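Engineer: Sequences listed follow chains A and B, in order.
71 is the number of the first residue of the first sequence in the numbering used here; add one for each residue after it.
26 is the number of the first residue of the second sequence in the numbering used here; add one for each residue after it.
Keep in mind that the hints were calculated from the coordinates and are not lab data.
Only a predicted model underlies this, so the values are computations on that prediction, with no experimental measurement involved.
The C-beta atom is built at its ideal place from N, Cα and C for all residues, glycine as well.
Any given hint might turn out to be false.
Anything over 12 Å on all C-beta distances counts as not near chain A; from chain B, calculated [unchecked claim]:
| no. | residue |
| --- | --- |
| 1 | Ala-63 |
| 2 | Ala-77 |
| 3 | Thr-81 |
| 4 | Ala-93 |
| 5 | Asn-109 |
| 6 | Asn-143 |
| 7 | Ala-170 |
Derived coverage of chain B by chain A (criterion: at least 3 residues anywhere in the stretch with Cβ under 8 Å from a Cβ of chain A; other residues may be distant) [unchecked claim]:
| no. | stretch |
| --- | --- |
| 8 | 52-62 |
| 9 | 98-106 |
| 10 | 157-165 |
| 11 | 171-180 |
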Amino acid sequence: MRMLAKFGTMGALLLAAILFSAPCRAQVLNSGASPITLNAILQDSITLTLSSHAVNFTLVAGSANNPGSTGITATTTWVMKPSVNSLNLYAFFSSSTAALSDGAGHNIPSADFQISDNGGAFAPLTNTVAFGGANAGLQVSSVPIRGYNKTGTNSDVMTFNINLAPLPNLAAGVYTGTLTIQAQAF
Amino acid sequence: MKTVRISWAVMVGAAIALSASFASAQVNSGAQPITLNAKLAESLTLNLSANAVNFTLSAGSNTNAGSAGVTATTAWTLAPGRNNVNVYAYFTSSTAALTDGSGDNIPSSAFYIKNNANPAAALTNTVVFGGANAGLLLANVPITALNRTANRTDAMTFNIDLSTGTLPQLPANTYTGTLNIQAQAL
Numbered sequence: 071m072r073m074l075a076k077f078g079t080m081g082a083l084l085l086a087a088i089l090f091s092a093p094c095r096a097q098v099l100n101s102g103a104s105p106i107t108l109n110a111i112l113q114d115s116i117t118l119t120l121s122s123h124a125v126n127f128t129l130v131a132g133s134a135n136n137p138g139s140t141g142i143t144a145t146t147t148w149v150m151k152p153s154v155n156s157l158n159l160y161a162f163f164s165s166s167t168a169a170l171s172d173g174a175g176h177n178i179p180s181a182d183f184q185i186s187d188n189g190g191a192f193a194p195l196t197n198t199v200a201f202g203g204a205n206a207g208l209q210v211s212s213v214p215i216r217g218y219n220k221t222g223t224n225s226d227v228m229t230f231n232i233n234l235a236p237l238p239n240l241a242a243g244v245y246t247g248t249l250t251i252q253a254q255a256f
Numbered sequence: 026m027k028t029v030r031i032s033w034a035v036m037v038g039a040a041i042a043l044s045a046s047f048a049s050a051q052v053n054s055g056a057q058p059i060t061l062n063a064k065l066a067e068s069l070t071l072n073l074s075a076n077a078v079n080f081t082l083s084a085g086s087n088t089n090a091g092s093a094g095v096t097a098t099t100a101w102t103l104a105p106g107r108n109n110v111n112v113y114a115y116f117t118s119s120t121a122a123l124t125d126g127s128g129d130n131i132p133s134s135a136f137y138i139k140n141n142a143n144p145a146a147a148l149t150n151t152v153v154f155g156g157a158n159a160g161l162l163l164a165n166v167p168i169t170a171l172n173r174t175a176n177r178t179d180a181m182t183f184n185i186d187l188s189t190g191t192l193p194q195l196p197a198n199t200y201t202g203t204l205n206i207q208a209q210a211l
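Throw the hints in and build the complete structure from the sequences for me.
Structural biologist: The structure is reproduced here in structure tokens:
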């Protein structure tokens, strides 16, 4: 009788354990994993800003020294891809023969327009560069791009001069032109 | 065999993708213009080597040479449309080029200038400056594209001819006057 009672108690306990454990196991329910694809693009870019957009010259006939009224600072800022090796800054005219003109057939060629970059020697715009007319450009500066400067900035302080020594018979007048500054990374 | 073909296809595809990536590595900044304005002003200047000449007169003589020659240096920078530079000598009055202030005068027709290798000439013409019949065109320079900026010199010597008209009876005295030298571009 006692044995029967013990078996009865044990059976009841076992049943209770089964009954309590079943709801606990049913609460852990996982869904499938849902992926989210992340795509972050750091676009490569170059921005170039100039401290000013106008330079005046008071010319003296036949003189080699006709400095511009002001210098201009070009600030180049970039974010580059790993494949880029250099960033070059160029100055150029669209025409080598008529960098500046009075509009009446009298011209100042790009060969007589000079730029000094960051205090360096004056150099005429006589090269064919990535932009502008043939023989009408100048590479102002070049920055090697390495792992440490994929993102960077560079300043070029430019001063200007017009050399009229090769143009002793230039007619008096007002000569206008557009010098363009542009950067390229490659 | 099929696996090898698929591997080659994958490698070729990867190579194309890489080359495309490198080709697109060139990046340009925006073009930044600088407006250039250069003014070469017109100018015409005349300088004399001396500003005084003395004469020791001999009554009735046709040869009363000045104490010194004077060289006029004319320099110019001219605009298109200018065709000539003229250099003139003149008095303000043809009747009283030099005067003693008491009504006794030496007319401009008795005053002679020898310019460079030219023969001596009296100031008897009406020119753009000075009095009627009181001037002389010393020099004329045609302006071309080759001499828009240039200079010239006029070496002048002077003589007073007291042999004509009433001048042989000129009273003894000190006669003063002002001869002007002036250039004009037109």
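Engineer: Could you check the structure against the hints above and give me the numbers of any it violates, in ascending order?
Structural biologist: 1, 7 and 10
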